[in-house]
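**Student:** Protein chains in written order, with my numbering: chain C, 1 to 403; chain S, 404 to 682; chain X, 683 to 988.
Treat the hints with care, as some may be off.
To be verified - Just a few of them, taken from the derived set where beta-carbon distance is under 10 Å, the chain S residues facing chain C:
{"hint": "1", "residue": "ASN492"}
{"hint": "2", "residue": "LEU496"}
{"hint": "3", "residue": "ASN497"}
{"hint": "4", "residue": "ALA502"}
{"hint": "5", "residue": "SER514"}
{"hint": "6", "residue": "ASN516"}
{"hint": "7", "residue": "LYS520"}
{"hint": "8", "residue": "GLY522"}
{"hint": "9", "residue": "LEU536"}
{"hint": "10", "residue": "SER539"}
{"hint": "11", "residue": "LEU628"}
{"hint": "12", "residue": "VAL630"}
Claimed, not checked - Derived Cβ-Cβ restraints for the label pairs, each shown as a range:
{"hint": "13", "chain 1": "C", "residue 1": "ASN296", "chain 2": "X", "residue 2": "GLN713", "range": "40 to 50 Å"}
{"hint": "14", "chain 1": "S", "residue 1": "ALA669", "chain 2": "C", "residue 2": "ASN296", "range": "32 to 42 Å"}
{"hint": "15", "chain 1": "X", "residue 1": "ILE826", "chain 2": "C", "residue 2": "ILE271", "range": "55 to 65 Å"}
{"hint": "16", "chain 1": "C", "residue 1": "LEU384", "chain 2": "X", "residue 2": "VAL909", "range": "46 to 56 Å"}
{"hint": "17", "chain 1": "S", "residue 1": "PRO534", "chain 2": "C", "residue 2": "LEU384", "range": "38 to 48 Å"}
Honestly, the hints are just simulated from the structure, not real lab data. Just so it is clear, CB atoms sit at the ideal spot from N, CA and C, and this is done for glycine as well.
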Amino acid sequence: MGFAFQRFLQMLLLVVIALLAVFLTQRLAPGGPFDGERPPPARILENLRAYYDMDLSMPAQFNAYLFGMAGREINDQGKFDKVYWLSLPEDLQRVTVGSQAEDGSGESLVQAWCPWDEWLTSFFVDREDERPFRKCGIVRGDFGLSMVRRSVYVNDYVREGVPATLRYAIPSLLFALGLGIPMGLYAAYNKDKAADVAMVSVGMFGTVVPNLVMAPLVVLLFAIGLDNLLHWLFVDTLEWIELTRRQKRSGLNWIPSGRPGGIMHYVLPTIVLGTAILGRIVRLTRAGALEALNSNYVRTARAKGLPGRIILFRHVFKPAILPVVTYLGPVAAAILTGSLIVEQAFALPGLGRQFVTAATDRDYSLLMGTTVILLLAIIFLNFLVDLTYSWLDPRIRRSGSNS
Amino acid sequence: MPWTQRIGNVNEPILTIENLHITFSTPDGDVEAVKGLSLELFPGEILGIAGESGSGKSQTWMAPLGLLADNSRVSGKISFGGRDLLNLNVRDLNKVRGAELAMVFQDPMTSLNPYLKIGLQLLESIQIHQPELSKSEAKFRCLDMLKRVALTEPETRFNQFPHELSGGMRQRVMIAMALLNQPRVLIADEPTTALDVTIQAEILDLLRELQRDFGMAVVFITHDLAVIAKLCDRVAIMYAGEVQEVGVTSDILNRSKHPYTQSLLAAIPRIDGSRGEAA
Amino acid sequence: MSLLRPTSTESALNKSAEVLQSRSLTQMAIQRFLRNRNAIIALWIVGILLTMAVCAPFFEWYTGYGKAFQDRNFYSGQPPNWEARHYFGTDQNGRDIFVRTIFGMRISLMVAMVAAIVALTVGILYGAISGLAGGRTDAIMMRILDLLISYPLTLIAVIALAYFGRNIFIVFAIIGLVEWQIMARVIRGQVLSLRNSEFVEAARAMGVPPLAILRRHIIPNVLGLAVVYMTLIIPEVILVESFLGYLGLGVQEPNTSLGVLISEGAARIEQKPWFTYGPGFFLVTLLLALNFVGDGLRDAVDPKDR
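Extracted from the complex, chain C is given alone in its bound form (with noise of 0.2 Å):
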C-alpha cells in the first residue's frame, strides 16, 4: 500500500511540474498570439488580449490557465478590469457563459466566462450555445482557443484526435506484446537453432527499419501491389472486374481514401507501429529468457527434475517479464512519437497529426494541449508501469523493507 500510494503522489507532482513547464512554455513563447501576418482589428484584440490575462501577474496567469475564471468586469474605458474567480456578482448572475452583460445604456459591464459550477465544459460534448469565448482552465478540460483559427477551440481538434490515435496505438501495443513475448521465449528456449534466427531477424527487422520508412513502402504495398498483384493473377477480364467491384462492396480499402472511419484504415498503421515495438520486445524477451535459463536457479529446477515446460511459464516467464515491463515506459513514448509519422503516412487524424501540424503552423496553444494530453498519458503510464514491475519482482515490493 505504501509503495503505490509513494508513487501516486510522485505521479501527481509530475503532472502539477508538467502542467507548470507547459504552461511556461506556452506564455514565454517568442511572439505571441498576435503577431503574426495580419494583425486582428483592435476591438478583437482587446478581447484576445484579456483572453490570454497578458495583463495579469504570472501566479495568477496560471491559476487562470489551470482553473479559468468567472469573468471580468469591463470599467468606463471599455477595458477589462476586476476579476471574478469563481462566481458573477449577485445582479449579473444569470448572465450565460460567453456573453456580456449590459446596463440600461447597452454598455458593457462585465464579460462572462466560466462560473465555477460549470465542468468538463464541452470537451466531450458540442455545447454550441458556450461559444465563443468561454474560459474555464485545464482541470476543468479547456485548452483554450487555437492561436492560429481563433474561433476554433483546441478541445474540438483533440476531441476528434484522441479516438483516432487511440485506435490504432493499442491494437499496436497489443499486438506487440502478444505476438513479441511468446515469440521471445520460444527464441530462446530454441537458441542457435533455425527457429531463433528466424525470430531474431524479425525483432532486427522490427528494430532497425524506421516507422518512416515502413509506413511509405506499407502504403505502395497494399495500394499498388495487391490491386497488379490480382490484375497479374486473373487473366479474364470479366472476372477482374468481378473482383474490383467485389473489393468495393467488402470495403477492402486498406488505405483510407479520404473518408472518416472504417476499421480496415487502421489494421495497417497498426502493424506499421507495432511491428517497431515488436522487434525490441522480443529481443528484450529473449534476453531476459536466456539469462533466466543459464541461471543457477533453473539448474536447481532442472536437477529437481522438473519438465521443460514448467520451467518455462513457471520459473523463466516472470524473470523474461521484467525487461518488457521495464522498457514499457519508453514504449509508451516510442508509440507516441511513432503516431506522429504514421499518421501523416496514413493521413489519420489523430493526435500526432495534430501536434505536427501545430508545430509547423506555430499555434502554440494547440501545441501545448496537444502536449499536455500526451504528457498526463506518458506520466499516468508510467505510474502503471511502476506498479506492474513492483508487483512481478518482489524484492523491490517492500521498498526496502528486508528482515
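Fit chains S and X to the known structure of chain C by using the hints.
**Tutor:** Chains S and X alone, transformed into the frame defined by chain C:
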C-alpha cells in the same frame, strides 16, 4: 519417516562412474575438463571429493544429473539403479533427478528462484515426483522437512521469498528441497563455501545428522581438506580432471605417498607458522 | 589452454606458464570483435557508405547531375534508367535520386556526428558528476534521469524546433540532447564501480594524488565504454534526424537529409514509388550496419558468456 533402513548391500556400489570424459568446446579450442575418470560410490557412505579450482570436481558430478553446459561433450558410463545415466532420455532422467539423485549447490542465493516463494519451490519438487499426495499432505511433508533441517519458524518461511532469508537459512532450504523425495544419493557441491565459518559448522553437523537419519550416500565436493577430515568416510583427490588418489580418509590424510596430495596437505597453513615441504 | 599431465607439480606449473600468453583486456576485446563475422561485414559496409558520403561530388559528376539540371523538363520524374546512369531514377526537378541520396546521407551523417558528440559530452558530464558526487546528489540526478528516459524527448525536440526555428546548429544540438540519457547512466555506473574498485582504493592508499587517479585509472576505463555506446547512439541520432526531416523540421533546402527525401517519396508513393527506394535502402542499410557494429563492439567489450 519410516525409511531409515535404506542402506542396502554395502559391498555393491550404488553409483559407478566409468571412464568419464568431459570436453568443452570454447572459442579458444577444446578443453578437456575430465579425463577418463572412474569412481565408485557405496551406499550409506560420505565420499569427499577434494581438489583445487579447475580440477573438474564439480563438472564430474554435474554429469550424472545431466546439468552440463551445452558446449560439452560427454563419454563414458555412469551406472545408477541399473541404468546408464548418460544414455537416458530427458523424460526418464527427470524421473531420477530430484527423486533418487539430488543435488545441493554452492551458492544458495542464486540457486533459488528469487521471484517465487520458498513454499512453491519446495512443493513443486515433491508434487512432480509424488503426484499421488494431496496438496495438504505435500505441504505437511515440506514443513516437516523444514523442521528437520532446523529452520526456525517454518510456516513463516514457507510463504517468504528467498531474499528474506539469510545465507544459512537458504542453504537449509536447499538441503530440505533435495531430501524431500528421499533420494538414495545426495551430491553436495561445496555447500558451505559461500557461508560464514560459524554457519559452515552448523550445516556440516546438519548434513552428518541427516545422513545418519536417512541413510543416503553423500558426495561432498570441497576444496577444504579440514572439512573432509571432519566429515567424510572416504575421499578422492582430484587434479586436472583425473582422480589422483582415492581411499579411506585417515589413510589419505596421514599416510599418502602421492605427490599432489602431499603438496595439498602441505599448503594448509599451520598455527605454528612452519610450512610443510612437498616430497 | 590445455592442462598437461603433471610429472610433478612444479614442472606442471612451469609447463602451463609457457602455454599461456598474457593478453591485455583490449587485445582480448579486439580479438573477440574480429571473430564476430557479422560485425566485420557490417564494419565494411559502414566504411563503404562513409566513403561514398565523403566522395559525394564524384557521383555528381559521374551521373551528369549538372547537365540533367539544365535539361530539367526532359529528365524530371523518370524511373530508373541504366544507360543514362540514373540508377535510382530522377526526382521531380530532374535531379538524380542516387546523387541526392548520397548528399542526403552526407548531411545525415554530419548531423549524426555532431549530435552524437553533443550527446556524448552531456552524457559523460552528467554521469561523471553524478557518479563522483555520490550520495544525495547522485540519487536526485538519477531519479531525474529515470524520468527523462521514459519521456519522449523527441516530442520536446519538435516543440523546441517549432520555437527556435531552423538554425542548423540548433538542430544538431537539439538532436544531441535527445539521446544522452543512456550514456549518462552507463558512465555513472562505470564511474561508481571504478570509484569503489580496489585498485583505485589501493592507489589512494599509496598516496597517488586524485588528479592522477582520474587521469590514469578512471578516464581510460570510462572512455572505452563511451566509445562503445557512441556506436549505439549514432544510429539512434540518425533516426531522430530522419524523423524530424520527415516531419518537415530540421534541415532546410537546398540541403536534404535522408528523412526529407523519404518524406518526399512518401508523398508520391503511389505515382512514383522509386523516390523512396534509394533513400529508404540506404537508410536501412546504414542503420542495420551500425547496429551490428555496435552490437559487436558491445559483445567484444562486455561478453555475455562470461
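**Student:** Decide, hint by hint, whether the structure agrees.
**Tutor:** Now the hints, each set against the structure:
1. ASN492: 12 Å, violated
2. LEU496: 8 Å, holds
3. ASN497: 4 Å, holds
4. ALA502: Result: holds, 6 Å to nearest chain C Cβ.
5. SER514: Because about 5 Å separates SER514 (chain S) from the closest Cβ in chain C, which is inside the 10 Å limit, the hint holds.
6. ASN516: 4 Å, holds
7. LYS520: 8 Å, holds
8. GLY522: At 13 Å from the nearest chain C Cβ, GLY522 (chain S) fails the 10 Å test, so the hint is violated.
9. LEU536: With a minimum Cβ separation of about 16 Å from chain C (threshold 10 Å), the hint on LEU536 (chain S) is violated.
10. SER539: Cβ of SER539 (chain S) sits 21 Å from chain C, so the hint is violated.
11. LEU628: 26 Å, violated
12. VAL630: 22 Å, violated
13. C:ASN296 - X:GLN713: 40 to 50 Å: 29 Å, violated
14. S:ALA669 - C:ASN296: 32 to 42 Å: 34 Å, holds
15. X:ILE826 - C:ILE271: 55 to 65 Å: 36 Å, violated
16. C:LEU384 - X:VAL909: 46 to 56 Å: 37 Å, violated
17. S:PRO534 - C:LEU384: 38 to 48 Å: 39 Å, holds
In this structure, the hints that do not hold are numbers 1, 8, 9, 10, 11, 12, 13, 15, 16, in rising order.
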